[in-house]
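**Student:** Listed below, chain by chain, are the residues.
Protein chains: 4
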Amino acid sequence: MIIVLKRGTSEAQVQKINERLNEEGFKVHLSQGVEKIIVGAIGDRSRLEALDLEAIPWVEKVVPILAPYKLVSREFQSENTIIKIGEHEIGGEEIHVMAGPCSVESRSQILETAHAVKEAGATFLRGGAFKPRTSPYAFQGLEEEGLKLLAEAREETGLLVVTEVVDVRDVELVAHYTDILQIGARNMQNFILLKEVAKTNRPVLLKRGPSATLEEWMMAAEYIMDGGNYQVMFCERGIRTFENYTRNTLDLSMVPALHSLSHLPVIVDPSHGTGRWNLVPSMAKAAVAAGADGIIVEVHPNPEKAVSDGKQSLTVPNFTTMMDELKKLADALGRPVKGAR
Amino acid sequence: MIIVLKRGTSEAQVQKINERLNEEGFKVHLSQGVEKIIVGAIGDRSRLEALDLEAIPWVEKVVPILAPYKLVSREFQSENTIIKIGEHEIGGEEIHVMAGPCSVESRSQILETAHAVKEAGATFLRGGAFKPRTSPYAFQGLEEEGLKLLAEAREETGLLVVTEVVDVRDVELVAHYTDILQIGARNMQNFILLKEVAKTNRPVLLKRGPSATLEEWMMAAEYIMDGGNYQVMFCERGIRTFENYTRNTLDLSMVPALHSLSHLPVIVDPSHGTGRWNLVPSMAKAAVAAGADGIIVEVHPNPEKAVSDGKQSLTVPNFTTMMDELKKLADALGRPVKGAR
Amino acid sequence: MIIVLKRGTSEAQVQKINERLNEEGFKVHLSQGVEKIIVGAIGDRSRLEALDLEAIPWVEKVVPILAPYKLVSREFQSENTIIKIGEHEIGGEEIHVMAGPCSVESRSQILETAHAVKEAGATFLRGGAFKPRTSPYAFQGLEEEGLKLLAEAREETGLLVVTEVVDVRDVELVAHYTDILQIGARNMQNFILLKEVAKTNRPVLLKRGPSATLEEWMMAAEYIMDGGNYQVMFCERGIRTFENYTRNTLDLSMVPALHSLSHLPVIVDPSHGTGRWNLVPSMAKAAVAAGADGIIVEVHPNPEKAVSDGKQSLTVPNFTTMMDELKKLADALGRPVKGAR
Amino acid sequence: MIIVLKRGTSEAQVQKINERLNEEGFKVHLSQGVEKIIVGAIGDRSRLEALDLEAIPWVEKVVPILAPYKLVSREFQSENTIIKIGEHEIGGEEIHVMAGPCSVESRSQILETAHAVKEAGATFLRGGAFKPRTSPYAFQGLEEEGLKLLAEAREETGLLVVTEVVDVRDVELVAHYTDILQIGARNMQNFILLKEVAKTNRPVLLKRGPSATLEEWMMAAEYIMDGGNYQVMFCERGIRTFENYTRNTLDLSMVPALHSLSHLPVIVDPSHGTGRWNLVPSMAKAAVAAGADGIIVEVHPNPEKAVSDGKQSLTVPNFTTMMDELKKLADALGRPVKGAR
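Chains as they are written, first to last, in full-length UniProt numbering: chain G, 1 to 341; chain E, 1 to 341; chain C, 1 to 341; chain A, 1 to 341.
Okay, chain G solo, but in the shape it has when bound:
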């Protein structure tokens, strides 16, 4: 940690900082620059968080040297984490496509979609049973009934299931039915929920919060790993910016950035990332070209009758075309799209 002192800091004031750092077990190096005094503090990373030196009036700024995350870091584990689910591996060579409706609406809707996306080459079925909705008057999901329908669709098609959990009291229930637990964007910093999914043995798909920095996102993953669950994958789904032609701004640079900083797999959600179905295929291809380990997309047999997110859902024919293009692209990059025709 580097502490820059304000111009005109007195000897006595420097001494006080020195003492405070020594008290906390840090070794201190002083360095007198042309205009400012700089204090270097060396010590245990875990104690840094507790120090709030910028509260001292003669401290200009504090610059952390070490990243605040540890378990998620590639410095901690240099090889990629590969998450094995059934016969699938996420984070290795294979690219996986997770597809399905925003919400589970009915038995026929989810089964029809499951069969269609399976045929087109998806390996996972997505679908929300518990829906966090901006409005209290909007459809809130079929809840346990929805989970059962997802399980039935898995039974029928062999697709594995990814679905969101929103309530700490439901973690066990949802974990019972699903293969991957999804933490939604709005819950990325719901630390209570992170601690709870950390206690399960289910892989976790951790969506990025709409205003989360890369570091905060990695810290959210750190919560889950620190709680004992090492099977975490990141999911970039767009951030909130001033541009509102798209629903969010899909930040694909995070794909190579995460791969460089962390060993965990990275999935991309171009449906929420753009909010417009006609942009989804291009951005799915871009995600794979950027190095994503998988994509998650919304597909609905009848988007204009969807109870949520129809605007960003692909029809089955559009999804099928996209899968064919993805396969060609992935082949050129030397990665197989698992399940693709």
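Warning: the hint list may mix true and false statements.
List time: in silico PhoX-like cross-link candidates among lysine-lysine, alpha-carbon distance up to 20 Å [stated by the list, open to error]:
1. Lys328/A to Lys61/A
2. Lys327/E to Lys327/A
3. Lys6/E to Lys36/E
4. Lys61/E to Lys16/E
5. Lys6/G to Lys16/G
6. Lys61/G to Lys36/G
7. Lys70/A to Lys61/G
8. Lys70/C to Lys70/E
9. Lys70/E to Lys36/C
10. Lys328/C to Lys328/G
11. Lys84/G to Lys199/G
12. Lys36/E to Lys148/C
13. Lys61/A to Lys70/G
14. Lys305/C to Lys199/A
15. Lys16/E to Lys27/E
16. Lys327/G to Lys328/C
17. Lys6/A to Lys70/G
18. Lys118/C to Lys61/E
19. Lys70/A to Lys6/G
20. Lys36/C to Lys27/E
21. Lys328/A to Lys328/E
22. Lys327/C to Lys327/G
23. Lys328/G to Lys327/C
24. Lys199/A to Lys84/A
25. Lys61/G to Lys305/E
26. Lys118/C to Lys70/C
27. Lys305/G to Lys27/E
28. Lys70/C to Lys36/E
29. Lys327/C to Lys118/C
30. Lys328/E to Lys327/A
31. Lys27/A to Lys305/C
32. Lys305/A to Lys27/C
33. Lys6/C to Lys70/E
34. Lys70/A to Lys36/G
35. Lys16/C to Lys305/A
36. Lys305/G to Lys327/E
37. Lys16/E to Lys305/G
38. Lys16/E to Lys6/E
39. Lys6/E to Lys70/C
40. Lys328/A to Lys27/G
For the record, the hints were derived by calculation from the structure and aren't laboratory data. This structure is a prediction, so every number in the text was calculated from the model and none was measured.
We have chain G already, so just place chains E, C and A on it with the hints.
**Tutor:** Okay, now just chains E, C and A, sitting in the frame of chain G:
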């Protein structure tokens, strides 16, 4: 609702939209512009959410006419909501100052702070017992012990208490100890938690999420009111922008905007809004000048030893000076700062 | 244009709006909804800009129906604009790679780079002679000397040249030396400069402003086309957001969005878009997968000695590797990378 | 400057950095932390800009210690800059109100407005003669004719004039007619224009760019001061964020932040800052409470007939009421509103 169709939409396609709207019980007006066809749909506001007409390929855009919120709206209730807590009224003429440390750290710390802020003119004591922290390695709060210390401080000083609840399973516990339940910024769209605090009879301080629009924030309040708890106050605490000299960008325009659109009180938090103690007094004054019904600020007897947020905490002398200035300012605006000397 | 009136607007007030619209030559349709009155105004798009109906107290909001741009729109011209420069075509099947240093620093630097990027498959040489720099103390470019060095490099290698113009008084000079005139991000809304480059017969590379919406960007292109120069290409180079791990947030969704709304070519700049050389190759591939007509990247023979932007510059070997990967990818998409080995 | 090296950097690599820094005249301190090597470089601030050490692969990050600005800094000049214009002083005790229409539209309009705002207590007349407009089809200003009308209004009322210059070729012309040269938000980083206004002896009102950080804004002022013109005042007018209920997000925290970092005066523009006339009076008061040295607001005798920005313009009666409230508020803060009744 207005639906704009793409250029070149056929008669048959227009007809399909017509039918879909009639099916859902809407009355339809067609209007042929110079270049585009516009469809006006009139009907029950509650059914609008379910329609996802932008999923139809020949729809260019859908423009909602009615606001999605109802109970929070000044159109629903034209007079200000005044929240009575003990002998205090929030949302009326009185301006209230809520002050205290970021976290409850110890008995002596919270009691010392409580006495000091009481003396300077605060009416509410703030302090976190459950802390949502970005890092799993950071101090997470004293939990129930912290709540008891807050209650003891109330007993001793007569200050009322505002503290955050982060876990649905703790709502009852926290409500037992506190006078105002705080929903933190990161939980503004934790709808599960909103529904739970809606079931209590405690007033709720609803912080704005760092990337929440005005409308989303009002919808979060709508969740609480829809759940039966009408005692909601908004708390502006800054949004996340590209500017990072300040921790957040304090969006004071929300104060007059909320007062124009809603009947609920508005509180401002200049501590989180700026993240720098030396900017807090100016922004507290600005908040009151903008029409805020109260402010909530961090005060610590010894900021450089605080376990969290020391950088943005006022010392007791600085807080006292600020209170004197606030009082003068509020007097000029014809509003009393309740409790001020 | 749709005008929504506030609840409680009187007959006389509605009448006033009616009159104002008639005065300006608009036909008016009134529509009485359940809660609000809606006024539809039909008429000449060019007069809309002059009306400022939201200034009327009983107007709640005004919703434009028609896009404010015309010449850049795909509704105006349905086939792609293909810009022919020498033997190259931008906006057709070919993908072009523009490469070179941030700044022209010396004869040897620009010639060495030009030969290297030509060999690796670039068709255009980029390099700044006039540099807009945040600090007045930073290197401001070699100016005309730099332009001459670029011209010499073109002579030697056959590469065409793209370089930025920052001063209206230099437009003629820069146009004399360059094949493409670049409008930098900070000048995207320097309308005076846009009008000046519109008078030249040089193709224009229009970078997106760091806080420009898609619509504002298209309107900037409209300025150039309205001034008589139809050879405009967009260049996405990232927007400013809260995320600062990357220098900007590269908004690749704009590629398919622009292709859907406009007939003009789209180039992507992953160097400024990320600000980190190690992310550039992944994002260049992603750009091509998203449908970009070309990319522009910074290459420096010795990045750690570059006078500007070394952090985001590729070395020649890294650029060469990237080109090989781009070629494979583009092949899979059925598009040739013009010039690639 | 602090340079943090990546874990695993070799002795030879450290040596290379050492040499590069020595070459450039820096003294070097090495510091071996628990996990990383840190290099401190001490030397001439003006050479720092030229070094681009982050381009070196084994450099993790570079942390500048000194601010990049100098002349604008309070470290350079500790007392406030007071700009004297006629009998007025900006930056001292007096608060100044600059008021007038967005655009000069006609002789009668500007004279009527000038008399009205003078009577209500304004000391400066604002009004645009050259208008930077998003659309090429929008009204672009009366140009020199507009400047003459402003001069006539000054003659008649005694108000001083502030107006925008957008073209380097017009700087002399505009400076001839105006008392303060305004640099508009979109031109904040038009460095060519900054250098040109630096050559005049007119005070400059430097608006903040919609996506400019505090530091970039200060650097823009540094350009003007470095060019020889020390009479610069900052003007906060809102930044672009995701919130679009307001036209911009007025970032009032910049007022105390600038006052702490710089000696230059700070003006606030609540009209562009909010884009809604009904929020303007509250935010004008908030600006003064935050410590602003003046405000600049749009006033139009007939906002619904304004050719631009009517939506955010105050009527004369609303402006007069606001002035009365401002005066009371400023009195309470011990500052006179110059010119107020």
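**Student:** Would you mind marking each hint as holding or not holding in the structure?
**Tutor:** Hints versus structure:
{"no.": "1", "hint": "Lys328/A to Lys61/A", "result": "51 Å, violated"}
{"no.": "2", "hint": "Lys327/E to Lys327/A", "result": "17 Å, holds"}
{"no.": "3", "hint": "Lys6/E to Lys36/E", "result": "7 Å, holds"}
{"no.": "4", "hint": "Lys61/E to Lys16/E", "result": "16 Å, holds"}
{"no.": "5", "hint": "Lys6/G to Lys16/G", "result": "14 Å, holds"}
{"no.": "6", "hint": "Lys61/G to Lys36/G", "result": "11 Å, holds"}
{"no.": "7", "hint": "Lys70/A to Lys61/G", "result": "18 Å, holds"}
{"no.": "8", "hint": "Lys70/C to Lys70/E", "result": "39 Å, violated"}
{"no.": "9", "hint": "Lys70/E to Lys36/C", "result": "14 Å, holds"}
{"no.": "10", "hint": "Lys328/C to Lys328/G", "result": "11 Å, holds"}
{"no.": "11", "hint": "Lys84/G to Lys199/G", "result": "18 Å, holds"}
{"no.": "12", "hint": "Lys36/E to Lys148/C", "result": "51 Å, violated"}
{"no.": "13", "hint": "Lys61/A to Lys70/G", "result": "18 Å, holds"}
{"no.": "14", "hint": "Lys305/C to Lys199/A", "result": "34 Å, violated"}
{"no.": "15", "hint": "Lys16/E to Lys27/E", "result": "14 Å, holds"}
{"no.": "16", "hint": "Lys327/G to Lys328/C", "result": "14 Å, holds"}
{"no.": "17", "hint": "Lys6/A to Lys70/G", "result": "15 Å, holds"}
{"no.": "18", "hint": "Lys118/C to Lys61/E", "result": "46 Å, violated"}
{"no.": "19", "hint": "Lys70/A to Lys6/G", "result": "15 Å, holds"}
{"no.": "20", "hint": "Lys36/C to Lys27/E", "result": "14 Å, holds"}
{"no.": "21", "hint": "Lys328/A to Lys328/E", "result": "11 Å, holds"}
{"no.": "22", "hint": "Lys327/C to Lys327/G", "result": "17 Å, holds"}
{"no.": "23", "hint": "Lys328/G to Lys327/C", "result": "14 Å, holds"}
{"no.": "24", "hint": "Lys199/A to Lys84/A", "result": "18 Å, holds"}
{"no.": "25", "hint": "Lys61/G to Lys305/E", "result": "16 Å, holds"}
{"no.": "26", "hint": "Lys118/C to Lys70/C", "result": "38 Å, violated"}
{"no.": "27", "hint": "Lys305/G to Lys27/E", "result": "19 Å, holds"}
{"no.": "28", "hint": "Lys70/C to Lys36/E", "result": "14 Å, holds"}
{"no.": "29", "hint": "Lys327/C to Lys118/C", "result": "15 Å, holds"}
{"no.": "30", "hint": "Lys328/E to Lys327/A", "result": "14 Å, holds"}
{"no.": "31", "hint": "Lys27/A to Lys305/C", "result": "19 Å, holds"}
{"no.": "32", "hint": "Lys305/A to Lys27/C", "result": "19 Å, holds"}
{"no.": "33", "hint": "Lys6/C to Lys70/E", "result": "15 Å, holds"}
{"no.": "34", "hint": "Lys70/A to Lys36/G", "result": "14 Å, holds"}
{"no.": "35", "hint": "Lys16/C to Lys305/A", "result": "13 Å, holds"}
{"no.": "36", "hint": "Lys305/G to Lys327/E", "result": "57 Å, violated"}
{"no.": "37", "hint": "Lys16/E to Lys305/G", "result": "13 Å, holds"}
{"no.": "38", "hint": "Lys16/E to Lys6/E", "result": "14 Å, holds"}
{"no.": "39", "hint": "Lys6/E to Lys70/C", "result": "15 Å, holds"}
{"no.": "40", "hint": "Lys328/A to Lys27/G", "result": "55 Å, violated"}
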